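Asks: So the chains spell out like this:
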Amino acid sequence: MEIIEEKRGPLSTFKLQGRLDSNTSQVFEKRIFDAMSDGTKNVVIDFKDLDYISSAGLRVILKATKALKREDGKIRLCAMQDYVKEVFEIAGFDSFLTIVPTLDDALKSM
Amino acid sequence: MTFQTCMSFELKNNLSELSTLCERLERIGGALGIPRRLLFEINLALDELFTNIISYGYADQSEHSIRVCISAENDLLTVVLEDDGIPFNPVERLSPELPCTLEECKVGGLGIHLVKNLMDEVVYSRCGNKNVLTLKKAIEKN
Chain B
1 MEIIEEKRGP LSTFKLQGRL DSNTSQVFEK RIFDAMSDGT KNVVIDFKDL
51 DYISSAGLRV ILKATKALKR EDGKIRLCAM QDYVKEVFEI AGFDSFLTIV
101 PTLDDALKSM
Chain Y
1 MTFQTCMSFE LKNNLSELST LCERLERIGG ALGIPRRLLF EINLALDELF
51 TNIISYGYAD QSEHSIRVCI SAENDLLTVV LEDDGIPFNP VERLSPELPC
101 TLEECKVGGL GIHLVKNLMD EVVYSRCGNK NVLTLKKAIE KN
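Quick mapping for you: the protein sequence lines, in order, are chains B and Y.
Read in order, the letters of the first sequence correspond to residues 1 to 110 in my numbering.
Read in order, the letters of the second sequence correspond to residues 1 to 142 in my numbering.
By construction, these hints were calculated from the structure, which means they are not laboratory data.
This structure is a prediction, so every number in the text was calculated from the model and none was measured.
There's no promise every hint is true.
Straight-line C-alpha distance at most 27 Å; calculated DSSO-like pairs for lysine-lysine [stated by the list, open to error]:
# : chain 1 : residue 1 : chain 2 : residue 2
1 : B       : Lys74     : Y       : Lys106
2 : B       : Lys85     : Y       : Lys106
3 : B       : Lys85     : Y       : Lys116
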């Protein structure tokens, strides 16, 4: 998996490419938590080029969401392929996460 | 009982085999004409079950093989997963209460919840020293 990270003030945007599974989720978790130690309070995750997610990936998103909330931060997820979005829906994660259609929508809502 | 041609492969009990799983499924998916979305769902279900088996299934540190067998007949895809781990019936595991709020959300049991929801049918049996899990899913061609 490739992770492209852009940091602008307290906002970090992570663009994910490839597969977020048990093999790659720890790397992503470290990147998010490193950014938070480095002052990030708000996070946008761009799923446009993410082909695959498993419960290991959901676990990282959940952990990050809880940690950001404790810091009064925000998280937005965007541009998911429909079958990736289905995984979030089956897991019930769409009830407490904001998932928007485009990166622009996500940035505007911050 | 009709005889079905099954395409099978084996995975070692190591997380790095998740990429082998993906490659094998791509190849079999192409050969059997499985639609992409269904291939994604099968991959996810097998990923969750495989990750469970290698995380909790073995009492020793030895190498084990996990066998996957896939067949398609009459628009029905059947996947059989066989392992020689400790007896474990994921079908008996209750699905977690789905969270309404972030605070209520726990991740335990989520993998099996995904499997049950993605597949049409999940049947477990213990055969000798093996767990045999049969997954079925209708092939909807668009």
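Asks: Please go over all the hints and tell whether each is borne out by the structure.
Replies: Results for each hint:
In summary, the hint linking B/Lys74 to Y/Lys106 is supported, as the alpha carbons are separated by about 20 Å, within the 27 Å threshold. A distance of roughly 19 Å separates the Cα atoms of B/Lys85 and Y/Lys106; the hinted pair therefore holds under the 27 Å criterion. Pair hint B/Lys85 plus Y/Lys116 holds up; C-alpha atoms about 17 Å apart against a cutoff of 27 Å.
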